[in-house]
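Chains as they are written, first to last, in my numbering: chain A, 1 to 278; chain B, 1 to 246.
Just so you know, the hints here were simulated from the structure itself, not pulled from any lab data. Using N, Cα and C, we set each Cβ at its ideal position, and we do this for glycine too. This list has only true hints and no planted wrong ones.
Some chain A residues close to chain B (C-beta under 8 Å, calculated; not the full set): (1) Thr138; (2) Asp139; (3) Gln140; (4) Asp142; (5) Ala143; (6) Arg145; (7) Cys146; (8) Leu147; (9) Ala148; (10) Thr149; (11) Asp150.
For lysine to any residue, the following SDA-like pairs were computed, each having C-alpha atoms within a straight-line distance of at most 20 Å: (12) B:Lys157 to A:Met144; (13) A:Lys153 to B:Gln72; (14) B:Lys78 to A:Tyr52; (15) B:Lys45 to A:Arg236; (16) A:Lys153 to B:Arg71; (17) B:Lys45 to A:Asp139; (18) A:Lys153 to B:Arg105; (19) A:Lys153 to B:Leu50; (20) B:Lys52 to B:Gly19; (21) B:Lys52 to A:Ile152; (22) B:Lys78 to A:Asp142; (23) B:Lys78 to A:Asp139; (24) A:Lys153 to B:Tyr68; (25) B:Lys78 to A:Tyr154; (26) B:Lys79 to A:Asp142; (27) B:Lys157 to B:Arg185; (28) B:Lys181 to B:Met1; (29) B:Lys45 to A:Val137; (30) A:Lys153 to B:Phe73; (31) A:Lys153 to B:Leu93; (32) A:Lys153 to B:Lys78; (33) A:Lys153 to B:His75; (34) B:Lys78 to A:Thr149.
Covered stretches of chain B, going by a simulated chain A footprint (3 or more residues, C-beta under 8 Å): (35) 85 to 91; (36) 100 to 110.
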Amino acid sequence: MEKTLPKPAADTALERAAAVIARPVSGFLEEMGRLLFFLREIALAGWSRHQYWDVVRYQLFQVGWRSVPIAVLAGVFVGGIFAIQIHDNLYEFGATAMLGGISASITVREVGPLMIALLLGGRIGAFTTAELGTMNVTDQIDAMRCLATDPIKYLVVPRFYALIIMSWVLTVIGIVIGVLGASFVAWSIAHVNFYLFFSNIAALVDLYSFISGLVKSMVFGVFISTVSCYYGFHTRGGAEDVGRNVNRTVVILGIGLLCIDYVLAVLNDALYYAFFKG
Amino acid sequence: MIVFRDLFKSFGSNQVLRGINITVNEGETLFIIGSSGTGKSVTIKHLVGLLKADSGEIWLDGEEITHYDERQFMHVRKKCSMVFQAPALFDSLSVGENVAFPLRRHTRLSEKEIRDRVIETLSLVNLSMYADAMPHEISGSMAKRVSLARSIALRPKYVLYDEPTTGADPITANTLNALIKDFARKLKVTSIVVSHDMESVRQVADRVIMLYKGKVQFDGSPQALFSSADPIVRQFVTGVAEGPME
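Using the sequences and the accompanying hints, generate a full structural model.
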């Protein structure tokens, strides 16, 4: 009788460990692939000449105008907090004159775009997934298809445009209000006058910083709209699945925005030194 | 004319359609009946491109549409609309806007013409006074009627009804049956109705097809259905638990 050799224990353990690591990694890569395919679908639908501009206008209002109060409030407080925190450090070195430049530089390049993106992700991203998910589980998306209307073009592309445009606009608003908030706090608490505060901004914030901040905000807009529409559009089942996908959207947006911000910061730095300071 | 020829469809290991052959003649109201899971809804979803066949052919007015892509199906959907089991009204739009939705997207009608068409269409389902109401402000029965009105707003040649009377009370079911009959008579639409409501078959059908295990078990008039000697057909029509049906 032929004898079969037992499998070495170490091999089995290694295989098991590899499987434990491989499963989530392959799941993550598959999900990324699906997201990229969805983005491609949006881009193809959004590229055509015929668009539902009435829906785009409506979404601009929903996404943008209704988010202005939140952007203003967040801008004021984040600017103020920065001014207080940075002032304490600068005071020790007798460099409070730099307060305007440093707080504006951070707000324009990093905090402004990221803060607005996180707010939009929480407010609009979750709402979009819940809305599209509910439409999907109640057959509204199939009904739209049967009325000869492409749901990607009607439901997703307008939100995509609106989120890109409004994340840009809201970032500008957030940055301006943030800097104004910082200047007010610097004047009222740290006694740095407005002239000194603003004249120092021009020395530290150049056009490149401003443009890179705005490019970043547009990339965030693409990411928020793609993720939130994808999870809404691919919700199956019932109310529980809608809730699960909303949750997934919020988590992925939160972590994803931070990861993208890091990658863009590195790229931005490399480009800056290659073309402007090199 | 609609033709399904040797249509096969499976979902994973579950073979739902096993060679369906159906011809739908112009102007007729065809009922597709059968117990749950026999592929009634699956069959009609192929016609509007919500599902893709594994093999077989689907012909619509002499055109083979089996392998159409999403863009090509948009053209098919303008002449072939579908009413879902759930009303599936767009809840962010009013009743009138729901009916106006396909008109705004696919016609060049003026605002006044759209408004007139919406009122005219809602009148067919006796809901013209609810044009400004939101879907959550009307009853389930009304929502179903609005869904019917929306499906005929573009005056399609074919209307597919997916279990229109399921879950409806007897009065609502009768109203919906009368509307399906009315649409066929007044608007000259060809209707395919997926149902297991025998009373609807009796009231509305011109012809009945019964599916069993993914194949056509019966094809004939309602009278022939109710007097059929086929034990499977008999069991389904009479609704008795004991019999050859699994």
